[in-house]
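K.L.:
Generate coordinates for the entire structure from the input sequences, incorporating the hints supplied.
So for the sequence shown, our numbering puts the first residue at 1; every next one is plus one.
Calculated directly from the structure, the hints in this document are not laboratory data.
Yeah, the Cβ is synthetic: ideal placement off N, Cα and C, and Gly gets one too.
Label pairs and their in silico Cβ distance ranges:
1. N12 / S166: 21 to 29 Å
2. T336 / R384: 16 to 24 Å
3. E190 / G81: 18 to 26 Å
4. T52 / D333: 47 to 55 Å
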Amino acid sequence: MSLSTLRPEALNAPSSGIVEVFDYGRNRPGLIPLWVGEGDLPTPGFISEAATRSLAAGETFYTYQSGLPELRQSIARYINGLYGTDLSMDRFHVTIGGMHALQMALRMVAGTGDEILIPTPAWPNFYGAAVVSGARPVDVPMTLQPRGNDHVWALDIARMKAAITSHTKAIIINSPSNPTGWTATRTELEQVLTLARENKLWIIADEIYGRFVYDGSLRAPSFHDIMDETDQIMFVQTLSKNWAMTGWRIGWLECPVWMAETVENLVQYSSSGVAAFMQRAAIAALDQGEAFIGHQLARARAGRDIVTRGLGQLEHVHFGAVDGAFYLFFRVDGVTDMRQLALDLVDQANVGLAPGTAFGTGAQDYMRMCFARKAEDLEEATRRIVSVLKR
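P.N.:
Printed below as a string of structure tokens:
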């Protein structure tokens with residue numbers, strides 16, 4: 001048997017630099033794991049209990065391809081309440097997490113020979129999803145710009161415009177951003193939307209961290225604020241972050257109503273739908289989970305302050321302002337092999353971080369640290385990291 005018999009789209013799927021470090025440090029006693037985008041809180045009981053009731057009621061059969069009508073109505077209520085929109089449930093399709101939504105979105109608009117623009121540094125799964133669809137991901141590097149006494153990551157619209165070719169089909173915008181914490185302003189979103197309209201491009205909006213903002217707002221600026229019904233925009237979403245449901249693998253894809261039948265067909269031929277008991281849990285999360293989101297945000301804000309204060313004391317450590325999401329993305333003067341630093345931090349600090357090499361152009365000299373964790377762990381992890389970086 002030979003790998004040559006496999007399709008190049010599968011063979012070219014990139015390995016994850018995060019998983020390498022994860023596997024290296026997995027199960028080490030006392031290790032503080034800050035390498036993946038996951039908090040330390042289990043799913044709240046009111047959500048799990050909804051799933052238990054569903055199983056007890058015998059909801060173990062095939063269900064609607066696009067999701068239970070009750071869940072799609074809950075999603076519409078949640079989105080309409082958050083963004084002041086009036087969207088029907090027909091725009092929303094339940095998926096196996098945000099990754100499934102992303103893969104379907106890309107499959108509908110790009111394939112072999114097409115190009116997808118991705119502002120970098122970026123979540124590595126954007127690259128992987130583009131590659132396995134047959135498309136070519138095109139990096140559009142962001143830059144750190146001065147902002148008062150801080151620096152902040154900024155989107156270069158001119159660079160994005162220059163990257164567009166006759167093969168470009170879509171732009172992926174992740175705001176608030178994993179890993180940088182960049183949070184697009186309304187003006188930046190308007191500039192991207194204008195560019196997409198002028199070039200007849202799709203926008204795939206990942207606004208998964210939209211509730212994790214630190215300026216006192218209820219949520220981050222969104223394409224929902226500026227789009228109209230003719231715009232070619234799809235939103236990928238998940239219940240993983242807001243409601244501590246990473247292991248449940250449930251999310252949704254939002255797209256224009258005229259795409260509904262196509263999306264249903266893609267669901268049929270990829271997953272045949274999401275289990276009903278998981279959907280009942282999602283309804284409970286959306287309808288009853290606002291207080292829990294507030295709790296999550298308060299913990300993340302405290303975590304952000306702990307890690308920025310701790311690492312900020314080192315003159316040779318640099319990072320931009322963290323306006324959203326729950327990651328600190330930092331670099332260390334004189335260190336160029338971040339993969340090795342990540343492995344060294346496992347060995348010497350017993351802390352797991354993600355190397356920037358996993359996040360594309362402009363990220364090679366950085367490390368990502370997830371701060372969605374209890375304060376005691378973050379205080380200790382920061383103390384250990386600072387001790388190693390001082391050497």
